[in-house]
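Sequences listed follow chains A and B, in order.
In this text, residue positions in the first sequence follow the working numbering: the first is 1, and each later residue adds one.
In this text, residue positions in the second sequence follow the working numbering: the first is 98, and each later residue adds one.
Keep in mind that the hints were calculated from the coordinates and are not lab data.
No residue lacks a Cβ here, since even glycine has one placed at the ideal position from N, Cα and C.
Among these hints, one or two may not hold up.
Short derived list, chain B residues pointing at chain A, Cβ under 8 Å [unchecked claim]:
#, residue
1, VAL119
2, GLY127
3, ASP129
4, ASN140
5, ALA149
6, VAL152
7, ALA236
8, VAL243
9, TYR371
10, ILE380
11, GLY553
12, PHE554
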Amino acid sequence: MAELSREDVLKLVRLARLELSEAEIEEYQSELSQILDYVKQLQQVDTAGLQPTNQVTGLINIMREDEIKDYGYDARKLLDNVAQTEADQIKVKRMVE
Amino acid sequence: MTKNANYSATIGIECHVQLKTVSKLFSGAGNDARQAEPNTLVNHIDFGLPGALPVFNAQALSLASRAALALKTRPQKFSTFDRKHYFYPDLPMGYQITQYDQPIILGGKVEFTLNNEKKTVGITRAHMESDAGKSTHPAGKDYSLVDLNRAGTPLLEIVSEPDMHSSAEAKAYAKELYLLMRYADVTEGDLYHGNMRFDVNVSVSQDDSLGTRTETKNLNSFRSIEKAIDYEIKRQIEVIESGQKVVQETRGWNDAKGRTISQRSKENADDYRYMPDPDLPPIVIDDDYIENIASTMPSLPDELRLKLAKNGLNEAQIETLIEANVDIAPAGYLKLLDAYADDREAARTLANWLVNVDIPLFRDEPSFAARDRSKLYAAVLKLLNANALSSTNAKELIQACLSMPELPQAIEAYAEANGLLQQSDSDELSRVVDEVIAANPKAVSDVMNGELKVIGFLLGQVMAKTKGQANPGMAKQILEAKLLK
């Protein structure tokens with residue numbers, strides 16, 4: 001079985017901005033290792049000469065004209081969903097020292 | 098500093114160019130955030146609300162294609178969008194939409210001349226991506242504020258090869274890239290508002306191998322590019338000379354202090370977990386599309402330089418004109434010169450006026466730049482050619498006219514009313530010369546006895562009598578004819 005280290009899990013947790021308990025870290029270490037095993041199996045398939053699949057819809061060139069669109073609501077309404085605001089801006093934990 | 102001679106620097110530049118669209122890259126919100134109140138140019142797409150579907154702006158593709166042609170390559174016929182994941186409060190979706198392995202531009206080059214030497218800097222790639230929001234950090238508070246007006250603004254990130262080896266080369270590259278993007282009409286190019294932002298990668302080495310590089314981010318002027326690179330080269334050499342190692346890291350530029358500051362080390366660099374964006378189907382273009390764009394491309398700086406050089410203008414004049422022509426946009430300096438394509442002498446005179454009078458005036462006062470001054474210059478050139486204006490007074494006349502809220506309609510009448518015309522009527526001048534000769538018998542006899550420089554004194558008297566309006570060349574000719582025959 002592919003062994004994902006505890007450090008690998010902690011890195012993923014940090015990148016995903018999650019907070020996991022000790023028990024969860026162990027649980028995911030094992031589960032993610034199994035997923036990696038599965039990916040390893042997939043990697044054995046010979047894909048030489050195959051086009052990479054970016055999309056499964058078969059669509060191309062879905063574009064719109066460059067114009068301002070009225071979505072039918074006041075833009076400031078979006079701030080209603082924001083936890084904290086000040087002076088019509090989104091208030092967040094300080095990003096710099 | 099003699100130690101610097103043992104080191105060579107290697108420099109690569111990434112430039113984010115803001116594309117000149119009306120709306121955002123993937124939403125129909127307005128794209129000009131300069132004057133807008135916070136969070137007014139936003140919608141559910143920019144806010145990254147669940148289920149919101151981004152739709153690509155066709156104009157961004159057109160502008161990126163123009164950029165490709167300006168970089169002497171062609172846009173890729175197949176390109177895709179990817180998600181670049183990271184968490185930051187100014188990025189509501191939790192990922193940036195960008196182009197990772199199949200960007201719109203692969204290859205290309207920027208050519209420029211530095212100290213009479215032709216330089217070529219290769220372009221590795223350029224990709225379209227959306228900008229993040231803008232954050233501010235109120236002094237003394239424990240929070241930051243985020244305005245998402247800029248979130249989703251279309252950018253083209255142009256990545257150069259590490260082909261530069263001095264700050265002067267880097268500055269010249271950045272300037273040429275700026276001119277190319279302006280002339281190709283890809284961006285508004287408002288550097289003050291960050292329409293083009295430069296990240297410089299710098300390393301130093303004592304041999305052919307590459308040293309560890311640092312990246313100094315978010316430079317928005319040519320001067321700061323030059324200063325930041327000079328600082329980084331010096332700093333890295335000092336680090337190595339003191340026996341330490343340069344750390345691969347991201348640095349910021351403090352313009353007031355004139356130095357770069359460590360921001361984050363690459364050792365903790367985020368893994369961006371790129372993946373194809375399932376919301377955005379690939380972009381496919383054909384030769385017809387590219388040819389269509391190519392047919393609308395204007396003359397680019399290189400071609401204009403050649404044309405102006407053929408008109409006999411010197412390099413400094415040419416560069417000033419090319420920069421001012423896009424910078425003080427409506428003025429149409431090159432168009433004014435076009436009218437004299439067949440008359441090198443007139444073209445050179447006009448170029449001098451533009452460079453020395455017109456352009457400096459409108460750098461200070463851009464609001465008058467839109468005025469059509471083709472008639473003004475035609476009239477002044479005509480007066481000059483007819484010897485009715487001295488070259489000094491021609492400049493003064495132009496300066497006076499351009500400084501007025503409205504250009505005067507009758508240029509000659511205005512010049513006359515303001516005493517700028519010179520006396521070139523030979524009968525009238527001849528009469529004044531006779532008066533001067535009669536009034537200065539001593540000087541006249543000196544000249545006749547061979548003291549030729551005394552003619553200068555007599556000429557001065559003629560100029561004084563005509564209140565400076567006599568054509569000096571003609572007055573001197575008449576004096577000599579009368580005294581030396």
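Evaluated hints:
Taken as an interface hint, VAL119 (chain B) checks out: its beta carbon lies about 5 Å from the nearest beta carbon of chain A, inside 8 Å. A cut of 8 Å between beta carbons decides the hint on GLY127 (chain B): the least distance to chain A is about 5 Å, and the hint holds. Hint status for ASP129 (chain B) relative to chain A: violated, with the closest Cβ pair at about 10 Å, above 8 Å. Look at ASN140 (chain B): its Cβ gets to within about 5 Å of chain A, closer than 8 Å, so that hint holds up.
Restraint check, ALA149 (chain B) versus chain A: the minimum CB separation of about 10 Å is more than 8 Å; hint violated. Below 8 Å, beta-carbon pairs count as interface contacts, and VAL152 (chain B) has one with chain A at about 5 Å; its hint therefore holds. The restraint placing ALA236 (chain B) at the interface with chain A is violated, with a minimum CB-CB distance near 11 Å, outside the 8 Å limit. Restraint check, VAL243 (chain B) versus chain A: the minimum CB separation of about 4 Å is within 8 Å; hint holds.
Against a cut-off of 8 Å between C-beta atoms, the interface hint on TYR371 (chain B) is violated, since the closest Cβ of chain A lies about 12 Å away. With a cut of 8 Å, the hint placing ILE380 (chain B) at the interface with chain A holds, because the nearest CB-to-CB distance is about 6 Å. Interface restraint check for GLY553 (chain B): the shortest CB-CB distance to chain A comes to about 68 Å, outside 8 Å, so the restraint is violated. Violation of the interface hint for PHE554 (chain B) is found here, the shortest Cβ-Cβ separation to chain A being roughly 72 Å, above the 8 Å cut-off.
Consistency note: the structure conflicts with the earlier hints numbered 3, 5, 7, 9, 11, 12.
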